[in-house]
Structure formats: structure tokens, C-alpha cells
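Undergrad: Following the hints, put chain B in place on chain A, whose structure we already have.
If you want the building blocks of each chain, they are given just below.
Protein chains: 2
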Amino acid sequence: MSLKLYVDRVSQPSRALLIFCKLNGIEFEEVPIELAKGQHRSPEFAEINPMKAVPAIVHGTFTLLESHAILRYLASAFPEVADHWYPTDLHKRAKIESVLDWHHSNLRRGSVGYVLNSTLAPAIGWPLNPQAAAQGEKVLLASLSTIDTFWLQKDGSFLLGNSQPSIADLSLVCEIMQLEVLDEKDRDRLLSPHKNVLKWIDEVKNATAPHFDEIHTTLFKVKEMLHLKKSAGASS
Amino acid sequence: MSLKLYVDRVSQPSRALLIFCKLNGIEFEEVPIELAKGQHRSPEFAEINPMKAVPAIVHGTFTLLESHAILRYLASAFPEVADHWYPTDLHKRAKIESVLDWHHSNLRRGSVGYVLNSTLAPAIGWPLNPQAAAQGEKVLLASLSTIDTFWLQKDGSFLLGNSQPSIADLSLVCEIMQLEVLDEKDRDRLLSPHKNVLKWIDEVKNATAPHFDEIHTTLFKVKEMLHLKKSAGASS
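From first to last, the protein sequence lines are chains A and B.
The first sequence begins at 1 in full-length UniProt numbering and counts up by one.
The second sequence begins at 1 in full-length UniProt numbering and counts up by one.
Okay, chain A solo, but in the shape it has when bound (with noise of 0.2 Å):
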């Protein structure tokens, strides 16, 4: 039965599902949606989501939209998905589903409102917006916070204080990685307070390497061509 990712790489929920197919041997047909070319405003992608978001999967007859909805389904429908990506186990898997929970008001959230209203809206014709970023960054650092000191525990390396990853670690990473795109020093500012946290994003990166460079890499040349149109622009 075939599977279609209809993903953009710059999209951090696109990419937590392309690192989790690749990782699992699930195999795949990628379906690039760019955003900036607003490919997810095209009638053809609103037949798959009406809501003109990325990432959604087709599998087989069967649409699914939400990157977190997606990762579960996938981790069920494919027996050869290791049980620790998303435990059987109810006690194991609630706690695990609370942090997906958590991720949607937080973390996500301030990394959304932040990035965007600092940064990358240019790139998608929006104007900047400092208000909305400086909202964001409040919501961000609390996010980082939490994770640096109630979600990592330490007994494990991994959130909730496991041994291996869940869909949980490969979700919120994801999602901080989007940070890459900001100056150097204002990603420092924000991150290198929270030590669990860095030290637990070099877990993930190794326990899904080589995927995880790989599938960030389209992100690092936004990363440097927005650095090179801000040069561009200071040296004008």
C-alpha cells in the first residue's frame, strides 16, 4: 500500500516525519509542498487538506492530517516501528502522550510566534512583527525551561527520563532545530541557558543519525540565505 508524504523540509513537523519513516525503513514517496512557493494553497493540496497545512499523509485510500496524529499512526500501522518510538505499554504511553500534549500551547507555540515574527516572515511575504515575536520569545524560553528541568530527567537521556527516544523527542527536537535560522548569537542567547537541553538534542541527533542531517539540511540553506540577504542588506 503506498505512502505520500506531502511535506516541506523547512516545516519542522514535516521533518520529525521524514526522520521517522526514514529511521524505521518505512518506505515512502515524498511530495514536496513548498510553502514559499504557497504550494499548500493549490486546489490539488486542498483535496488532501482542506486546511492547507503541511505535513498530511496519504496511506493507501486513508488521509491523515497532524503531525502528531500522523507519527502515532504510523508507529502503530508499521510492525517493524521499534515499541520505544511509542509504548504499548498505557502508563508508559500516557506520559509519553502528555508531552505531545503539552508541546501544542509551549514550546511550540513560542518557537512558532518567536522564529516567524523575528525572522522568517520575509521569506514567506509577511511583514515582521517584533510584538508578536517578543510574545513569543517569553512563551519559548518558559517551554525551554520546563523541558530543562521537569521533562529530561536524570535517569535517562531522553524525555521522561528514558533510555530511547520516543516520537515525543523526535517532535519537540524538531522543532527547536527551526531556532538554526536565527543569528548565531540570538539562538545562543536562548538556548545555552538550558544545558539538559542541548546536551539531550545531541541524544537525538546521534540516536537518528544519519536521517537527521540529512533531512535538516534544506533548512541550514535557508539559515544561509537569509543570513546572506541580511548582509546583503547592512552592507547596501
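To be clear, the hints were calculated from the coordinates, so they are not data collected in a lab.
Don't take every hint at face value.
Unchecked claim - Beyond 10 Å from chain B on every Cβ pair, some chain A residues (computed): (1) Asp8; (2) Asn24; (3) Glu44; (4) Leu120; (5) Trp126; (6) Lys154.
What the hints assert, rightly or not - The list that follows gives simulated cross-link-like pairs (lysine-lysine, DSS-like), each with its CA atoms no further than 27 Å apart: (7) Lys52/B x Lys138/A; (8) Lys195/B x Lys185/B; (9) Lys154/A x Lys52/B; (10) Lys195/A x Lys230/B; (11) Lys92/A x Lys154/A; (12) Lys37/B x Lys22/B; (13) Lys22/A x Lys92/B; (14) Lys52/A x Lys154/B; (15) Lys52/A x Lys92/B; (16) Lys37/A x Lys52/A; (17) Lys195/B x Lys138/B; (18) Lys138/B x Lys138/A; (19) Lys199/B x Lys138/B; (20) Lys52/B x Lys92/A; (21) Lys138/B x Lys37/A; (22) Lys195/A x Lys185/A; (23) Lys138/B x Lys52/A; (24) Lys37/B x Lys138/A; (25) Lys230/B x Lys37/B; (26) Lys92/A x Lys4/B.
All residues carry an ideal CB built from backbone N, CA and C; glycine is no exception.
TA: Below, chain B without anything else, positioned relative to chain A:
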């Protein structure tokens, strides 16, 4: 094994949990954590949820946060819960997961942003914030429209065209019920264009009677109190 629900009936996710347990005959002890009195910031509650938010549960020695994670857990841990609340069928479950995930950054974000900043803030000692209320309203209206035209489908009474409610129906309708604390006219302005949503709210109320109304009594008392205060302010 004892089940304790740490809840405030003024909190919409708390109400969803209480209704769910009552409906399904799950025995529990309700531990009221009154947000208006700052009880979520007490050292005792910090031991249950260091993030100082309701709802939280303790089931035996197992602590769990985040209302959707808790609903999933309860539906899985208690065999008396009918399958339609959280179907074991992979595809049916995945679709419900996509609504649950969508909720956080859409309906919940819009509803909390509007209701809190336009009306409820003074009740917990915060100032009103018209700009944040306007942002919330925009997200709220877009979310109600998405439910009206996309998540509700013509074939069934509930979300996704289902003939019986799921935990997503309960969570989303409890969120929309928060609009009850607004002025009647304002609530009508927001809700009345969404005919399918209005019909669906009634379907969920009927399917969860008499617990739905019983658990919402506190919210209606808060509404009354707010309107009395407003009338007193207007006549002073």
C-alpha cells in the same frame, strides 16, 4: 485503585474529565483546585503538577497531566468505557487524534485568548487586554468555521461524521461552552453563523445528559457573578 482528579469546574478541560468519568461510571475523588484562589500555585499542588495547571490525575501511584492524555489514558485503562469514546480501530482512532491535536493551536488558543482577555481576566486578578482579545477572536472564528465546514460532516451527529461521540467531541464542546461567560449578544455574534456547530453542541449535551449540565453549573454561576459585577459597575 484510587483515582483522584485535581480539577476546577471553571476550567474547560477539567469539566471534560469530570463528565467523562461520570458518564462511564468511573469512580473518582474530585479534588477542587480553585484557580481564582491561586490554589494551583500551592506547594501541595506543585508536588502533583510542577507546571501549576489543572487538570491532573493520580491513579494509584501514577500521576498524569494534560487533559487529552488523561482522557486517552482513562478510556484505555477502564474496560467499562465504550469503544466509541476512543476507538481501538487504527483508522478511526487516528482521525480522532488529528482533531485532538488540531484543537490546541486552533479552537483552544482562540477561545482562551478571547474569553480570558475580553472578560475573564479580572476574575483571576489580571487586566483585560483588548489587543490579545482581538487576536484570540480571529483564531476562534476561524476555528469555529473549520469545525462547521470540515470536522463536522453531513452523515453523522458528531465530529468526523461519527454516529456516537468521542473524547474529541467532549473536549471541543467543553471548550466552546466557555463562551457562556461572555455577554449574550457577544456569544451569539460569535456562534450563530455556525449552524452545524450549534446543532452539534446540542447533540453532545444530549448524549452526555444529565452530567453535562450538572458539571457546567459552576460556569453558569461565574457567568451570573460577572454580569452582576458588570451591572453594578454600569450603575455606579
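Undergrad: Against each hint, give a clear statement of whether it holds in the structure.
TA: Hint check results:
With 10 Å as the threshold on Cβ separation, the claim that Asp8/A sits away from chain B holds: the shortest Cβ distance comes to roughly 17 Å. With a least CB separation of 16 Å from chain B, Asn24/A remains clear of the 10 Å interface cut-off, as annotated. No Cβ of chain B comes within 10 Å of the Cβ of Glu44/A; the nearest lies about 18 Å off, and the non-interface call holds. At roughly 17 Å, the least C-beta separation between Leu120/A and chain B is larger than 10 Å, which holds for a residue marked as non-interface.
Listed as a non-interface residue, Trp126/A keeps its Cβ farther than 10 Å from every Cβ of chain B; the least gap is roughly 15 Å. Every CB of chain B is more than 10 Å from the CB of Lys154/A (nearest about 15 Å), matching its label as outside the interface. Restraint check for Lys52/B and Lys138/A: the C-alpha separation of about 17 Å stays at or below 27 Å, so the hint holds. A C-alpha spacing of about 16 Å is found between Lys195/B and Lys185/B, which places the hinted pair at or below 27 Å, so the restraint holds.
This hinted pair checks out: Lys154/A and Lys52/B have alpha carbons roughly 21 Å apart, not beyond 27 Å. For the proposed pair Lys195/A and Lys230/B, the alpha carbon gap of about 49 Å is over 27 Å, so the pair is violated. Of the pairs offered as hints, the one joining Lys92/A and Lys154/A holds, with about 17 Å between alpha carbons and a cut-off of 27 Å not exceeded. At roughly 26 Å between alpha-carbon atoms, Lys37/B and Lys22/B fall within 27 Å of each other, so this suggested pair holds.
A hinted pair counts as satisfied when its Cα atoms are at most 27 Å apart, and Lys22/A with Lys92/B qualifies at roughly 25 Å. Between Lys52/A and Lys154/B the CA atoms are separated by roughly 21 Å; this keeps the pair inside 27 Å, and the hint holds. With a C-alpha separation of about 22 Å, the suggested pair Lys52/A and Lys92/B falls inside the 27 Å cut-off, and the hint holds. Straight-line distance between C-alpha atoms of Lys37/A and Lys52/A comes to about 13 Å, which keeps the hinted pair within the 27 Å bound.
Of the supplied pair hints, the one linking Lys195/B and Lys138/B holds, its CA atoms being roughly 18 Å apart against a limit of 27 Å. A threshold of 27 Å between alpha carbons decides the hint, and for Lys138/B with Lys138/A the separation of about 22 Å falls inside it, so the pair holds. Distance hint between Lys199/B and Lys138/B is fulfilled; the C-alpha atoms sit about 22 Å from each other, no more than 27 Å. Annotation: proposed proximity of Lys52/B to Lys92/A holds, straight-line Cα distance about 22 Å (limit 27 Å).
Restraint check: the Cα-Cα separation between Lys138/B and Lys37/A comes to about 25 Å, which is no more than 27 Å; the hinted pair holds. Simply put, Lys195/A and Lys185/A have alpha-carbon atoms about 16 Å apart, close enough for the 27 Å limit, and the pair holds. As the CA atoms of Lys138/B and Lys52/A are separated by approximately 17 Å, the hinted pair is consistent with the 27 Å bound. With a CA separation close to 25 Å, the supplied pair Lys37/B and Lys138/A stays within the 27 Å bound.
For the given pair, Lys230/B sits about 21 Å from Lys37/B by alpha-carbon distance, which is consistent with the 27 Å threshold. As the CA atoms of Lys92/A and Lys4/B are separated by approximately 19 Å, the hinted pair is consistent with the 27 Å bound.
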